[in-house]
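Protein sequences, first through last, are from chains B and X. So for the first sequence, the numbering used here puts the first residue at 66; every next one is plus one. So for the second sequence, the numbering used here puts the first residue at 70; every next one is plus one.
It is possible that some hints are incorrect.
Computed footprint of chain X on chain B; a stretch qualifies when at least three of its residues, placed anywhere within it, have a C-beta under 8 angstroms from a C-beta of chain X [to be verified]:
#, stretch
1, 78-90
2, 98-104
3, 112-122
Since the hints were derived computationally from the structure, they do not count as laboratory data. If you're wondering where the values come from, they're calculated on a predicted model, not measured in any experiment. Where a beta carbon is used, it is the ideal one built from N, C-alpha and C, also for glycine.
For reference, the chains in residue letters:
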Amino acid sequence: MTAPVQVRLCPGGPLLVRGATEIIDEEGNAVPVTRPVVAICRCARSSRSPWCDGTHKVLRTRRPRTPDEPGP
Amino acid sequence: MRPPAPRGPLSARLLTLLAEPLRAADGLADLARQSVRVPLVRADEDVQLSLLVCQELDYDGIDGADERWECAAGLLAARRVLEDAFEAELRTETSMLVGEVQDTARHDVAAAIFALTESVPGPPLARHLHRHATRRQLAEFLMLRSVYHLKEADPHTWLVPRLRGAPKAALLAVQIDEYGSGRLERMHAELFADTMRLAGLDPTYGAYVDKVPAATLAVTTAMSMFGRQRRLRGATAGHLAAFEATSSLPNRRYGQAVRRLGLGDAAAAYFDEHVEADAVHEQVATRELCAPLVGAEPDLLADVLFGAAVCLLLDAQAAEAMLGAWRLGRSSLLPAWATPVREAG
Numbered sequence: 066m067t068a069p070v071q072v073r074l075c076p077g078g079p080l081l082v083r084g085a086t087e088i089i090d091e092e093g094n095a096v097p098v099t100r101p102v103v104a105i106c107r108c109a110r111s112s113r114s115p116w117c118d119g120t121h122k123v124l125r126t127r128r129p130r131t132p133d134e135p136g137p
Numbered sequence: 070m071r072p073p074a075p076r077g078p079l080s081a082r083l084l085t086l087l088a089e090p091l092r093a094a095d096g097l098a099d100l101a102r103q104s105v106r107v108p109l110v111r112a113d114e115d116v117q118l119s120l121l122v123c124q125e126l127d128y129d130g131i132d133g134a135d136e137r138w139e140c141a142a143g144l145l146a147a148r149r150v151l152e153d154a155f156e157a158e159l160r161t162e163t164s165m166l167v168g169e170v171q172d173t174a175r176h177d178v179a180a181a182i183f184a185l186t187e188s189v190p191g192p193p194l195a196r197h198l199h200r201h202a203t204r205r206q207l208a209e210f211l212m213l214r215s216v217y218h219l220k221e222a223d224p225h226t227w228l229v230p231r232l233r234g235a236p237k238a239a240l241l242a243v244q245i246d247e248y249g250s251g252r253l254e255r256m257h258a259e260l261f262a263d264t265m266r267l268a269g270l271d272p273t274y275g276a277y278v279d280k281v282p283a284a285t286l287a288v289t290t291a292m293s294m295f296g297r298q299r300r301l302r303g304a305t306a307g308h309l310a311a312f313e314a315t316s317s318l319p320n321r322r323y324g325q326a327v328r329r330l331g332l333g334d335a336a337a338a339y340f341d342e343h344v345e346a347d348a349v350h351e352q353v354a355t356r357e358l359c360a361p362l363v364g365a366e367p368d369l370l371a372d373v374l375f376g377a378a379v380c381l382l383l384d385a386q387a388a389e390a391m392l393g394a395w396r397l398g399r400s401s402l403l404p405a406w407a408t409p410v411r412e413a414g
């Protein structure tokens, strides 16, 4: 029996994913999941992409978002 | 842990007791009552060391001490006096901070915790380490942090049996990661020990306690005080959330400091791991642990915020002590306690 994958959208933050075994990153590479829960970057500024590194918090305090920019 | 050197009458009496066969320790609580009459319990060397020693009986033990001291009435009474005074001071000190986010917290606990972390930016310790610290200062930072990091996650693990349902599952998702999903070499405390070794330091548990001032001991004694008591489960959860929510960004800088000072990628692995892991943990701890915990037990809201604020307050105190010493061109470590402290009556 396989448990369903659960995804939580954190307001102003990453996607929190439970139950995934790998994430396909933007270049098409399969990145294995090695923790019970992972956080996927949504602000596109992470230094450890595809994982969140908390950078969205700095963006939020530094400058407002332009309309065509993806949310943090 | 090796018994540390005493720093005043209370720790002297306590350490003498622990070195002797188990017996009644009736006078210890009275001595503790005198010892907490200080301007700042959270910065008092004798009180904080005594509290750490009492609490260590719950963890690794004190070498040579009878293990039954852990539950000996006289010792518990003294510990109660110290923790009550410490808690009361922390409640007073954080009441304004907590008050500022109380309204937000009533409809969004996670947002309130994040707002708290932003309202207490803390001194620029991470930036200093990243850009300017010397190798010696980095070593001091590792020695000071070793008091907690060599037992990383343990204080919050006390919380597991006090929770039910969703908050318990959320806490375990964090803690399992902290313990490397059961793989020794991935356990955070082990990664920290590796970093210490690569920096030429002694990774033995408690090896540097004698060099660590109260300002940093208080970071750990507060966590243990929270974690050990069911009554303070809300504070433990809030503490964990704030701890995780102030970790990713500084850890990135710490990793860069390690590389700048030539210790290499292997030594930076501990910090790299925390950039990634704590970006997960902060979301899980705020949204899946604290929020549902308060949902199930609304009375815990004030304590969740209290625990979070304490984490920020004490972390800032420890960082300020470090930076303050370095600004004066001094070491942030305690000088060796030159003369042995005479035991009071």
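Do the hints match the structure? See the list:
Evaluation of the coverage hint for the stretch 78-90 of chain B: fulfilled, as 4 residues show C-beta separations to chain X shorter than 8 angstroms, against a requirement of three. Counting residues of the stretch 98-104 of chain B whose CB falls under 8 angstroms from any CB of chain X gives 6; the rule of at least 3 is met. With a threshold of 8 angstroms between beta carbons, the proposed coverage of the stretch 112-122 of chain B by chain X holds, since 8 of its residues qualify and at least three are required.
Checked against the numbered hints above, the structure breaks none of them.
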